[in-house]
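Participant: One-letter residues, chain by chain:
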Amino acid sequence: MTIVVVMEQVPDVVEELAIAPSGTDLDRDAVSYVLNEYDDHALEEALLLAEASGDEVVAVGIDTTGELDQTLYTALAKGARRAIKLTGDFEGTWLSTRAAARLLVPVIQELGPRLVLTGVQAPDDLDGQLAPTLAALLGWPHASVVIGSELVDGVVQVRKELWGGITMTLELELPAVLGVQAARQAPRYVPISRVRQVMREASIETREVEAPDGLVPAVTTLRVPEQAGRAEILTGSPAEIADRIIELLRARGLL
Amino acid sequence: MTQRIAVLVEHLEGQPTDVTFELLGLARRIANTDGASVQAYLFGERVGHLAESLPADSVTVVEHSALHHLAPEPTARVLAALLPADLPRLLLVPNTSLGMDVAAWVAAALEWPLVAYCQALEHRGSRLVATAQLFGGKILADVTLDERPTVIAALAGAFAADAVNPGAPGKIERRDAPAELAALRTRSVVLERPEAADVDITRAEKIVAVGRGIESKDNLELAEQVAQALGAVLAASRPLVDAGWLPRSRQVGKSGLKVKPKLYFALGISGAPEHLEGMKDAELIIAVNKDPKAPIFGVADYGAVADLFEVSEALLERLEG
Amino acid sequence: MDPSLKKVAEVWERETAIVEGMDISGPWNRMFGQRVIWDYSPDLIEEIAQLPGAESFAWCYQCGKCVPVCPVDVVGDYGPRKLYRRAQTGINLLDSPDLWLCTTCANCLRVCPKLVDMVQIMPAAREHAMLTGRAIPAELQEALENTAIYGNPLGQPARKREAWVKDAGVPVPILHQIQRPVEWLWWVECYPSYHPRGIDASIALARIFNALGLDFAILGREEKCAGDSQRLAGERGLFEMLAEENIRTLAKYEFRHIVVTDPHALNAFRKHYPKLGGQYDVWHYTTLLARELPKLQPLLTKSLPYRVTFHDPCYLGRHNGEYDAPRQLIQALPGVEFVEMLRCRENSYCCGGGGGGMWLDSFAAGHQRRRLSEERVLEAVSTGADTLVVCCPYEVSRFEDAAKSTGVEGRLRVRDIAELLAEAMGLIGEDAA
Amino acid sequence: MRENGLAVLVIGGGPGGLEAARTVAALGTPVVLVERRHRLGGTPDAEHYAKLTHHFRDAEEALGELIAAVTSQPLVEILTRSEVTACEGEVGNFRVTIRTPEGMQERTVGAIIVATGFQHFDPGRETQLYNYYSFPDVVTLSDMEAMLKAHQVVRPSNGQPPERVAFIQCVGSRDRQIGNEFCSKVCCGIASKQAIEIKQQLPNARVFIFYIDMRMYGYWENELYWPAQEQYKVNYVKGIVSEILPKGDRLLIRGEDTTMGRPMEITVDLVVLSVGMEPSSGTRQMARLLGIAQNKYGYIEAGGPSGLDPVATSRPGIFVVGAAARPADLDDTFATAGLAAARAVAALRQAPVAAD
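Protein chains in written order, with our numbering: chain A, 1 to 255; chain B, 1001 to 1321; chain C, 2001 to 2433; chain D, 3001 to 3356.
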């Protein structure tokens, strides 16, 4: 049986981000892309599940960057059996979550997996997270913010993190969609030697797809928040400083 | 018909969460401008009694055992069943672990627009503009809403919980559980609370972190008191862990753990790059250090050039006294 | 919290612990139970020895010469010959913390009668551990992932690699901007480009180069980590990827020689890039400056009232044979009194940063009485020196941290040779560090 | 220089005696070679050596060449199944009595070379050292040589090839209790050589060598020890075995792994005791008969007045070869044989011509 992992490359927020002249997207020429860190956890969780169940992991991604191969080869090197890349007339665009889900649904239906895993969120999913969106379009049960899962007797048992350490354990009938916050263990390391070996020996299946409606998020403008780079210095006596700190915490609901 | 601004009530173990009131406050401000009314969706098992405490014009109550913990599938299916008929102007859902699953699912199922990570929602002229935090908070996206009903997944803590009911308690409307709940594919939902002994600083919402400025192991007690008063866990920079004052599981930084709490309160940490690497993504960083040139002030949102012991004691007086 | 730890009064104790066959589990009285050796097998030795490059692992005949000179054994229970014996008694190196403790300092190889070459064995064994899916220490994993993504172990954006240049106060030409041939291509490397203390040394060196009228330029954002320490940490593939990219980049420009700040880059360019098609004339900056001493000497006008000692970087000294140039430079500094540490030149101690140790600091510290860097700064202090001079970019931050954690912070300053030269030339102030 | 026509008597037909006889004859002097056994070849032949240390020469073949070189030499008279029973006189005029199958013979010889060799240390029925006489699967180096020569390395108890073989070094050597305070010199090399041969014949066997310290003289280091460890995966463990206990139908050996500082208990199928050398009975007997001094261990005292001559005995004109004087390998034996031959011929030529 099959477990699908959806993997996405996203603009690297470590880099300084600039806004394109259009005002509705990042300056994509200045952006560098990395694998969405949560998708890396989704892959790890999928591999852990598959190692226990004997399922086959298929990594699927939409190539919006022209650089997705590296991500997919890495997934293959880590233990995915197949990798499928969707390509189309959307390279360099900011794909909306809804559009991504629409592109993915036919592939998922064709693969007929019993689980779809993807990262809980991405830094650019303005119109919602991918996992629940996919679940809605597929009509499957789902849970996000997943921190652990197990396939037991035809269901998946999922640990979903709420807050303050509280977790919710759900049993979902299969097939189901999971949005992974953290795999049960840190994503494994695969040495580049292995990735390079896979690049020589394995291949990525490519599917040309049509761009759907609502391709990009409906942004009016993007802007950089006004934020001082350095700390605002609290002055006064220790008592006054303490007062200010408490005030700041209260204002943010931290007290 | 009056337009409605709808809010999904998030609750946990019989208590509405703080963000529910923040969203009700936001809904009220929008409604006041638009002449709309505020409608709360209250789903759960035996939660009807909460309806009266909610500052909304009307509370739509659906009770069913499957809704006990607001699990994603049942909650989303109820909303998807009710919304096409109710057609609110906006549906406000908290962008929390519970809410994010529901918001995206419902919006996709109904093909309604959605703005997630919303930190501001305000009128600009006649239009509503939602502002979302993207790219790790480095970019804000303004989205001008059109006339279609729209789902807003709003960040917790971003809006003031200042809503008051203008008039009498709202109208309470009980609805039957929709048929979809009979055919759920989510089974068995259980909540677990963490064991008190476990401290995992990577998951802590609030961290009080101490560095060499704490001077001696005996002084850790003061920092521990500050942490307790703030509901935070205690963490440390490398030298303290090396000295064996705290276990390695409390070490923040390159060679320790990477943390992203809502609050990082740094006491006596100068901020070596190796340390900053582990905590610079915290949402709010407040640093107290005697050295005005301490690099920690380069990443902190707020800083105080002061004696950490004096500030700690002043804080304790206020928080405990 | 490690789940096997439980709190007993004020200490944390492990539920069970077997160390080198000694079962030290038990209540706080720590009664020892000794484990009998039930079997010997060459299998685990063979598993390592069959790896290309690691053949010599099976050659050890337990003479023990390596152990006293192993810097890791000085602060823990390690030593190459012990690895062989542990393997023989059933402890798999691939699953043992020992796998990650070697800094590839090469001091064992220097004395080994049978040429058991840990400098080759360790990378091969580590790569094999990675390829067979064994977990690697998280710190190292992060550094390797950062290097793969960003081209530097710090996880800093490539664009910021040249950001220090604007603070240099002197021209630092960048090749992709000037587009002309230069005499010297200065390979700055990662820590001198990104780490604040590394940048201090880079600025000092840029000013010295300018004062000498050297025709030089840097690659800036196009430079990626030379990758030698990643290779030694077991990531040969990552090294090859970086080397191929760097060789392609270097092919775009005309230059006659490369001068490197980092001895690890020197080692990579001298010994490993040629195998991948990159042939360069590479100099460490101390070698270059020592050659320029006739021009440099008259510029050293300010007397520095320091008592200094010098730490030989493993990859400059033992690996590449340069012991004299740094000493010539130090002895040229007016006013400076130079004292040697007990372990210097060929038998110099190791800072702990090589072979991936830079990214295994906490891991290693968990298996050692004290850090190698701490051992070294204490040795430096014992000479009566007030300044520890270094010329490898790993060392400034390692030794400064060590000075803090050993409590000698106020008594010992750590300075790059370039910083002292620039200070004596009046190009930087004493506090520029 | 003058010839008196007298022969040199060589006592012992092992490698040392053969080489001495060959050299004396090659120098043009007649030889009488006396051997107690019915055939030449000495201990390597009597104990069925497989291969010789250190060139892995086939023992039978190498000895065959040596024997042929002597038997084809007309100047050598060979007396097998013979023993010297009396000797009197002095250099240039020794009158010896030899018991041969044909009867007693009297001969006058000018010089005598004693090449009576060694015997292997016997672990002893009374001492029951390592239970050699109780446990069939405890054997000695010479037992193993015979098995290797027959290509039949098996456990004597059941005839099955062993999976695990352990050598225990220094059995009967370097031991004040036993009285053999000397190192037998060859056992480390021979154990390593045998370990290699065992691995050649039984590639899946595990071979252990437990030692106090490995004494690999000269080229034995790189020709025996290193290949055994590096190519044949022989496990060398520093720490001598204290005792062997029965464990089911196998053997449990107990000792300390001194490098690791930990006790060890290893189960094996076959134990080889690396027994050392002692002077042979012939050596002791001839020393008494010839009136030459022995050291406290029974070896013939060598060195001469200078202390530096390894073939000189306490009596002028009588010379000693190889393992009759000290634990010796074949190199030592051949070197001293050649030297003894030269010294004997020289002594003969310088001695006064017999009165008759």
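The hints are simulated quantities; they were obtained by calculation from the structure and are not laboratory data.
Where hints are given, some of them may not hold.
Label pairs and their calculated CB-CB ranges [what the hints assert, rightly or not]: (1) A:216 with B:1310: 37 to 43 Å; (2) B:1126 with A:216: 23 to 29 Å; (3) A:184 with D:3157: 49 to 55 Å; (4) A:27 with C:2274: 55 to 61 Å; (5) D:3068 with C:2041: 30 to 36 Å; (6) A:237 with C:2245: 35 to 41 Å; (7) B:1053 with A:184: 35 to 41 Å; (8) B:1224 with C:2113: 52 to 58 Å.
Note that the structure is a prediction, hence the values are computed from the model and not measured.
C-beta: ideal position from N, C-alpha, C; glycine also.
Participant: Does each hint fit the structure? Answer for all of them.
Facilitator: Hints, one by one, checked against the model:
Remark: the range hint 37 to 43 Å for residue 216 of chain A to residue 1310 of chain B is contradicted by a beta-carbon distance near 53 Å. With their beta carbons about 25 Å apart, residue 1126 of chain B and residue 216 of chain A fall inside the hinted range of 23 to 29 Å. For the pair residue 184 of chain A and residue 3157 of chain D, the supplied restraint of 49 to 55 Å holds, since their beta-carbon distance comes to about 53 Å. In this structure the hint that residue 27 of chain A and residue 2274 of chain C lie 55 to 61 Å apart at CB is violated, the actual value being about 40 Å.
Between residue 3068 of chain D and residue 2041 of chain C the beta carbons are some 46 Å apart, a value that contradicts the proposed interval 30 to 36 Å. Judged by the Cβ atoms, the range 35 to 41 Å given for residue 237 of chain A and residue 2245 of chain C is violated: they are separated by roughly 56 Å. A hinted range of 35 to 41 Å for the beta carbons of residue 1053 of chain B and residue 184 of chain A is consistent with their spacing of about 39 Å. A hinted range of 52 to 58 Å for the beta carbons of residue 1224 of chain B and residue 2113 of chain C is consistent with their spacing of about 56 Å.
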